[in-house]
Amino acid sequence: MTSVEFRLNGAQVAFDVAGRETLLETLRDTAGTTSVRYCCGIGVCGTCTVLLDALPVSSCLLLTVMVDGRDVVTAEGADVRHSPVTRRVRDAFVDAQAYQCSYCIPAIALTVRGLLQQDPEMDADELKTALGGNLCRCGSYPQVLDAVRRLVGTSGRRGGEQDG
Amino acid sequence: MTDDATTYPGREPLARRMTADAWDRVIGRFGFAVDRRIEGSAHAFAVRSSVPHGTITAIDSNEAKTVPGVLAVITGPDVRVDPSVATTHGETRQDQPVLAFDKVRYVGEPVALVVAETRTAAEDAAALVDVEIAELDLVVDHELAGQPGAPVLHEAWPDNECGTWTLRHGDAEAAMARAEVVHRATYRSPAANHAPMEPHVATAAWLPDGRLEVWTSTQAPYPVRRRLAEIFGLAEDRVRVCVDPLGGGFGSKLDLRLEALVALGSRAVRRPVRMELRRDEVFVTSAKHAATVTITTGADRDGTLRARIVDIVYNGGAYALSTPRSTRTGMIRSPGPYAIPDVLCRVVGRYTNTVPAGPFRGAMTGQVCWAHESATDELAALLGMDPLELRMRNVLRDGDLFATGEAMHGMRYRELVDAAAKGVDWDADAGPTRPELARGKGMAVVLKSTRTPSRSEAHIVLDATGRVTVRTSTVEMGQGAHASMAQLAAARLEMPADDVLVSTIDTHRTPFDTTTSSSRSTLTMGTAVERAADDLRRRIDELATAGRPGTAAPTHSNGAVTVALPEPTVLRYEDLLAGAGLDELVGTGCYQSPPGAGEMDPETTQGMHTVSWHQGAVAVEVEVDVETGRVRVLRAHGASFAGRAVDERRIRKQTEGGMIFGLGQVLMEEVVYDDGQVMNPNLSDYQIPSILDAPERVGSTVLTDPDPDAHPHGVGENTVPPMAPAIANAICAATGVRIRDLPLTPEKVLRAIHEPAVRTP
Numbered sequence: 001m002t003s004v005e006f007r008l009n010g011a012q013v014a015f016d017v018a019g020r021e022t023l024l025e026t027l028r029d030t031a032g033t034t035s036v037r038y039c040c041g042i043g044v045c046g047t048c049t050v051l052l053d054a055l056p057v058s059s060c061l062l063l064t065v066m067v068d069g070r071d072v073v074t075a076e077g078a079d080v081r082h083s084p085v086t087r088r089v090r091d092a093f094v095d096a097q098a099y100q101c102s103y104c105i106p107a108i109a110l111t112v113r114g115l116l117q118q119d120p121e122m123d124a125d126e127l128k129t130a131l132g133g134n135l136c137r138c139g140s141y142p143q144v145l146d147a148v149r150r151l152v153g154t155s156g157r158r159g160g161e162q163d164g
Numbered sequence: 165m166t167d168d169a170t171t172y173p174g175r176e177p178l179a180r181r182m183t184a185d186a187w188d189r190v191i192g193r194f195g196f197a198v199d200r201r202i203e204g205s206a207h208a209f210a211v212r213s214s215v216p217h218g219t220i221t222a223i224d225s226n227e228a229k230t231v232p233g234v235l236a237v238i239t240g241p242d243v244r245v246d247p248s249v250a251t252t253h254g255e256t257r258q259d260q261p262v263l264a265f266d267k268v269r270y271v272g273e274p275v276a277l278v279v280a281e282t283r284t285a286a287e288d289a290a291a292l293v294d295v296e297i298a299e300l301d302l303v304v305d306h307e308l309a310g311q312p313g314a315p316v317l318h319e320a321w322p323d324n325e326c327g328t329w330t331l332r333h334g335d336a337e338a339a340m341a342r343a344e345v346v347h348r349a350t351y352r353s354p355a356a357n358h359a360p361m362e363p364h365v366a367t368a369a370w371l372p373d374g375r376l377e378v379w380t381s382t383q384a385p386y387p388v389r390r391r392l393a394e395i396f397g398l399a400e401d402r403v404r405v406c407v408d409p410l411g412g413g414f415g416s417k418l419d420l421r422l423e424a425l426v427a428l429g430s431r432a433v434r435r436p437v438r439m440e441l442r443r444d445e446v447f448v449t450s451a452k453h454a455a456t457v458t459i460t461t462g463a464d465r466d467g468t469l470r471a472r473i474v475d476i477v478y479n480g481g482a483y484a485l486s487t488p489r490s491t492r493t494g495m496i497r498s499p500g501p502y503a504i505p506d507v508l509c510r511v512v513g514r515y516t517n518t519v520p521a522g523p524f525r526g527a528m529t530g531q532v533c534w535a536h537e538s539a540t541d542e543l544a545a546l547l548g549m550d551p552l553e554l555r556m557r558n559v560l561r562d563g564d565l566f567a568t569g570e571a572m573h574g575m576r577y578r579e580l581v582d583a584a585a586k587g588v589d590w591d592a593d594a595g596p597t598r599p600e601l602a603r604g605k606g607m608a609v610v611l612k613s614t615r616t617p618s619r620s621e622a623h624i625v626l627d628a629t630g631r632v633t634v635r636t637s638t639v640e641m642g643q644g645a646h647a648s649m650a651q652l653a654a655a656r657l658e659m660p661a662d663d664v665l666v667s668t669i670d671t672h673r674t675p676f677d678t679t680t681s682s683s684r685s686t687l688t689m690g691t692a693v694e695r696a697a698d699d700l701r702r703r704i705d706e707l708a709t710a711g712r713p714g715t716a717a718p719t720h721s722n723g724a725v726t727v728a729l730p731e732p733t734v735l736r737y738e739d740l741l742a743g744a745g746l747d748e749l750v751g752t753g754c755y756q757s758p759p760g761a762g763e764m765d766p767e768t769t770q771g772m773h774t775v776s777w778h779q780g781a782v783a784v785e786v787e788v789d790v791e792t793g794r795v796r797v798l799r800a801h802g803a804s805f806a807g808r809a810v811d812e813r814r815i816r817k818q819t820e821g822g823m824i825f826g827l828g829q830v831l832m833e834e835v836v837y838d839d840g841q842v843m844n845p846n847l848s849d850y851q852i853p854s855i856l857d858a859p860e861r862v863g864s865t866v867l868t869d870p871d872p873d874a875h876p877h878g879v880g881e882n883t884v885p886p887m888a889p890a891i892a893n894a895i896c897a898a899t900g901v902r903i904r905d906l907p908l909t910p911e912k913v914l915r916a917i918h919e920p921a922v923r924t925p
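Chains as they are written, first to last, in the numbering used here: chain A, 1 to 164; chain B, 165 to 925.
Worth flagging that the hints you see were computed from the coordinates, not collected in a lab.
Computed from a predicted structure; not experimentally measured.
Every residue gets a Cβ at the ideal spot worked out from N, C-alpha and C, and that includes glycine.
Be aware that a few hints might be false.
Claimed, not checked - Computed from the model, here is a short list of chain A residues facing chain B with C-beta under 8 Å: (1) Gly10; (2) Glu76; (3) Gln117; (4) Ser140.
Claimed, not checked - A few chain A positions that, by computed beta-carbon distances, are all more than 10 Å from chain B: (5) Met1; (6) Asp16; (7) Ser83; (8) Pro142.
What the hints assert, rightly or not - Here are a few chain A residues that sit away from chain B, every Cβ distance over 10 Å (derived from the structure): (9) Asp71; (10) Ala98; (11) Arg137.
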């Protein structure tokens, strides 16, 4: 077992983990962070996304020992009052009713939030492309796109100009 | 963080309940079956057969038992000699063991169960259980499984027979002989996986007095209770089944799945035992039936359909599950929504050495809709007619007889076809595009029935605090059923829907429901909920007017009644209860399909098949890259008849989401078998649609019935089956090639373009 310390949603946490334990397992089974969810287990579906040092990553592909000393944020991360982006993203998904079963949705909203925090100028097409790694079996993509457009508008980064 | 009112965004009419739900769903606090943790649980992992067909000769679990943390290893032979566990079980045939004991019949079949302190330990130990299997000849293909000399899976069913039915309406053979134009073709579709985002999960615990409690991700709480009672020899009320919301079901969570396994494990270690599937296990736990459908259609030269003969073979997989009965359902839907005077349909299900197949969103219908709607376009080409016109001429209208002999009513197909066509600008030319890109439009319609007979019961409880709660066993799995139930109850009580709660499922508290399947809940449970709300309202009225005979019925608003005493007096629900010394008041309601519904003539399958026919249409525009064979769906428009609509936005999500779900089975999805092994049990090799695969333009039309007494129609599946033929028809319109074998991969499209033999005449 290895001792690992990292920041989880702003709080310092510590766990003793086996070397092969994934961050997904630690977050779900030990930390009780239920917004982070297992689906494919191989990093293709995006359902287990967390923000690692502000960037979206698949927690099923990360060993917990690798996040020692780093910053992990999950969808339920309680920074609504401190982060206008977080609040805007959540509002947009709620207003667009962008969910059906919603198992995948927190990770999708978190991905959008992480991307917009990195680059506030991202447009709807760029966000859509970036969401290619977040699967939704219910097919709520039209509503997710609606939420994205509520956030960033419909015109492209270059004033509505689009690549073919 | 506390979510006070100021943090709730949006102020739409259903604000609190719906929005609170939405908020939890978006931030990840909404609880799923997989989030249910029972204190003190041990963890189970199944040892699965790596051989598709064989005889178990030895199981050695000694090494597995040495793994630290392992509590028990239970094998099929252990269970077989245990008189307290049924040897085999099944919904329609008692053909399936909880753990295989003599034979294994598919790769992935559980042969032993390891229970350990942690999931990791259980998984590690499972790899050390040594199962020796003497291999037998295997059969994967359902057509081969029916041939003489084919390997036999179950001695009791020597032809691998798993559901045989015939439908006779008129004399189709004679009518076909007289027909001016005859078209005949065979259409194939493969096994597919439902791939719900949430894997299957279950926890079981035995109480000291011998009762069994199970928390499980099922769409069928009461059938699971019955099956567990049968398997373990318990009275049904000794089994308690609790169900949290699901992260998708699509039919994969309908039959008994993990429940008996965790119950076995829990009994062995005298602790709660939990099992959560890995994704590769989900792939060997349920499947869509592969099918071969040969359809022969006779018509007049003017396009009037005269006769149809359909021959269907479904691949049932290794165990029967519902296949012996659902084959009949698929057969009944196979002629499509057309007025055809003479129809003959024959169906057979076959056992094969593949994952047992069960309902898959649009159950048993995708396979036959693929056939009849491709055939409609092929016939139109033979006749030189516009396929839209051919459909308009023949779709069912009020008063037409369907193939079951029923006179149809409430038929809206012409409007649905029209709406779907308009949604993709059917008559407009495709815009300019590059020379290697060919564009075309295609259309398909579907007719689906709902499970009949069936029953749904609901209780609505008014408690001493004035809170109203619907108790229902309908499973919330993303379709929004619980929101609809709140809304239906609230409308009858004239209170805001956000003030009505919906309980989670617990067979000790929530009353009977057949299943959450078959797009039945809004009609059947919705009716039960409305009746329960009416009943509760009557009881409240009685309290409010007690001792004052002749008082006019009170009016209700926002959890209070207004009674003329003779001055209008407002009494809150909680005060009425307090005044009467009651802790709660319960309204009850039941929906039961009418007597005789669903009973068909066993020889001819004539009779009243269903309490509700589901009607849908889809039109698409595709772009085919003729150099690579890649197909892109540019536009998709779904049209669905909702009857009395409960919530239009949810209907649209079902209609549009259904097309995107269905797109997967058309362009990418196939469970690939090689020598009985599933070759792609993961979401990298078995791809499902991403946001980049979804059509750029997705639209929907919701047709409704304005009559306030009309019943709601199911809309959860209406746009799934038509996607395949609509896309194939569009590909044919774009390129002239006809493909009759799903999925429509780039390889197949390219081959069809370069092999004239498969071109349409």
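Hints, one by one, checked against the model:
1. Gly10: Interface hint status for A:Gly10: violated (11 Å vs cutoff 8 Å).
2. Glu76: The hint holds - A:Glu76 has a Cβ within 8 Å of chain B, the shortest such distance being about 5 Å.
3. Gln117: Where the cut-off is 8 Å and the nearest Cβ of chain B is about 16 Å from A:Gln117, the hint is violated.
4. Ser140: holds (6 Å)
5. Met1: holds (13 Å)
6. Asp16: Holds: least Cβ distance 13 Å, greater than 10 Å.
7. Ser83: holds (12 Å)
8. Pro142: With a cut-off of 10 Å, A:Pro142 comes too close to chain B, as the shortest Cβ separation is near 5 Å.
9. Asp71: Fine: 18 Å to the nearest Cβ keeps A:Asp71 off the interface.
10. Ala98: Check fails; 8 Å does not lie beyond 10 Å.
11. Arg137: Given that some Cβ of chain B is not farther than 10 Å from that of A:Arg137, nearest at about 5 Å, it is violated.
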